[in-house]
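Chain order of the listed sequences is A and B. Numbering follows numbering that gives the first Met the number 0, with no gaps: position 170 of the first sequence is 169. Numbering follows numbering that gives the first Met the number 0, with no gaps: position 193 of the second sequence is 192.
The hints are simulated quantities; they were obtained by calculation from the structure and are not laboratory data. Since no wrong hints were added, every one of them can be taken at face value.
Derived pair list, reagent style DSSO-like, types lysine-lysine, alpha-carbon separation capped at 30 angstroms: (1) A:Lys177 - B:Lys103; (2) B:Lys73 - A:Lys177; (3) B:Lys92 - A:Lys177.
Quick caveat, the model's predicted, so the values are computed rather than measured.
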Amino acid sequence: MSRVSFFRIVLLMLASLTAVFICVPLAMLIVQSISPNPVLWPKTFTLKWYRMQGSTIIPAVITSISISFPATLLAVVTSLPLGRALVRYDFRGKYLIRWIIALPIITPGVSLGLAYLQLANTSFLRGVHPWVMLVAVHTVLVFPYTARSILAGYEMCNFILEEASATLGARPVQTYFKVVLPILVPFILAGAVVGFARSMNDFIITMFLVQPDFIPLSIQIYRSTSYGTPPLTSALATILLLFSVTFALIAEYTLRRVGGQ
Amino acid sequence: MKGLVVENVSKSYGEVQAVNNVSFDVDKGKFLTLLGPSGCGKTTTLRIIGGLVTPDSGSVKILEKTVTHLPPWKRNCGFVFQSFALFPHMSVKENIAYGLRIRKLKKNEIESRIQRVSTLLNIQELLHRKPHQLSGGQQQRVALARALAIEPDILLMDEPLANLDAKLRDRLRFELRDLQRETFTTTVYVTHDQEEALALSDRILIMHQGKVEQIGTPQEIFSQPATIFVASFIGRNNLLLGKVLERRNSEEAVVLCGGITLLGRFLQPLSSDEDVVAVVGAQDFEIAGGEQNQEDNINAINVITGSVKTIIFSGTSYTIMLITSAGELRVEVSSEEFEKKRVRLGDRLSVIARQVKILSAGG
Chain A
0 MSRVSFFRIV LLMLASLTAV FICVPLAMLI VQSISPNPVL WPKTFTLKWY RMQGSTIIPA
60 VITSISISFP ATLLAVVTSL PLGRALVRYD FRGKYLIRWI IALPIITPGV SLGLAYLQLA
120 NTSFLRGVHP WVMLVAVHTV LVFPYTARSI LAGYEMCNFI LEEASATLGA RPVQTYFKVV
180 LPILVPFILA GAVVGFARSM NDFIITMFLV QPDFIPLSIQ IYRSTSYGTP PLTSALATIL
240 LLFSVTFALI AEYTLRRVGG Q
Chain B
0 MKGLVVENVS KSYGEVQAVN NVSFDVDKGK FLTLLGPSGC GKTTTLRIIG GLVTPDSGSV
60 KILEKTVTHL PPWKRNCGFV FQSFALFPHM SVKENIAYGL RIRKLKKNEI ESRIQRVSTL
120 LNIQELLHRK PHQLSGGQQQ RVALARALAI EPDILLMDEP LANLDAKLRD RLRFELRDLQ
180 RETFTTTVYV THDQEEALAL SDRILIMHQG KVEQIGTPQE IFSQPATIFV ASFIGRNNLL
240 LGKVLERRNS EEAVVLCGGI TLLGRFLQPL SSDEDVVAVV GAQDFEIAGG EQNQEDNINA
300 INVITGSVKT IIFSGTSYTI MLITSAGELR VEVSSEEFEK KRVRLGDRLS VIARQVKILS
360 AGG
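Just chain A, same shape as in the assembly (with noise of 0.2 angstroms):
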């Protein structure tokens, strides 16, 4: 019996080890955005830091958005035609494509930032806005999340309701937006979430991709570590903090509700 406890108590000592290492720093980064001067534990709190980064937070935060929000949607429509035919149909190359779709999440972002810039640079992409090139790469980074999640809900969703839905009278489009498309939803909003997430932290990709006017906020963090302000940065990255940590809460909650069907 002591020795069952022994073990507990090193398990549970470990356990709180590993939380400790994960949320001390990311606890020190708050506390620094909104500490007067870099110090370890400030006496007193402030929000200018905030105030200050407030002409380049907001314009920042807005270009993210403008690349992560239109490159999700771009993802989920082309994951809604892709996770049907994988799921309904049998062709040759199927499990090929299952296991490309999961590519972009081990290539590593070097290569890819990398290769995304030669295709800008060469091709007769080289004119067009960083904000096109980006919102295309973009979704190539969305995608896999996207496209994961709407196949487990083709799965879920049986293929004899779209028979039953036929039997009733419905043609195959009203049984799409009636049937299929109302099941699918909280795997569409659950994968859009984590990509949309996956989309505003990127930084490795996006650093090969922006220019001077067009610069979204992971990148805008790098940058202000110039300015010699460590609080500066703070604040910036406490913001980003906070959109994962609620995005993050979001795809969890909706999971959930999916589970509790």
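Starting from the known structure of chain A, arrange chain B on it as the hints suggest.
The following block gives chain B in isolation, referenced to the frame of chain A:
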């Protein structure tokens, strides 16, 4: 008027001939069951009628109208699936209303139809629940209500009771029968459960390996099996292979099966030296009289002697497995008779076959 006519329908999947030249019809308002073991093509046939599968050849007519190549949404068939197939994101009421909304019926018409079918199936209390809040039996009632709400020309059911527990299945069987008689909906029902088929149907069609073996009323199927397959599939029959010894008249013959002589009626014309199969229902036996005349019995006609191998009690009757010279025999006797005769494991026992049917071994 014919509610349904199926003519020479065939369908194969690669090498497998799932449905092989199947023809039958159903009078309007009648109940036909497609009965057979799994993989016999009954479900494929049902799906062809519903338009979920296109046949390779043949035609399907519903209410005298050819629908062979119409998609399911243009057929007006109510389809009830084994797995219920309720829409999980809709309430019971929305599920029932689904087909009616697609048909763009007026609001009050939709309401009154929902009222009618939910009263019919006794699910008024459940209208605002979601499918996952219902028991299996309730889900199946809702599925049935949804199929009936569209007032289908024909109701197709694919093993609708298979996923339910025995007690519920028994009760729903009665309800289904009453419901079909009340609504007078032409119905095609698929099952592998012969009790279900016998209890529900006006006519039964027995399928085996994609082909029709026999069509008839439950009584015909049960008492006059047309083929050896039907005899082995329906009821609990003993099948004994043998030869014709002597023809008594145009209907009866004496056959010899593994040392046992049986006098039986033949169900199909036979040539005299043909191999035959004697069919004796497990319930068509009685235990022969007392010890003293057992010796006399041994070579008498329709008396079979063997040793008792197994005894199984099933409430109102006992099932005895008897080892005889013609093989293992299944004998069912009433509890009363069993207890009067004091049958014990390992005993020598003589039984009398009250009714023997003879089929050609080639069939």
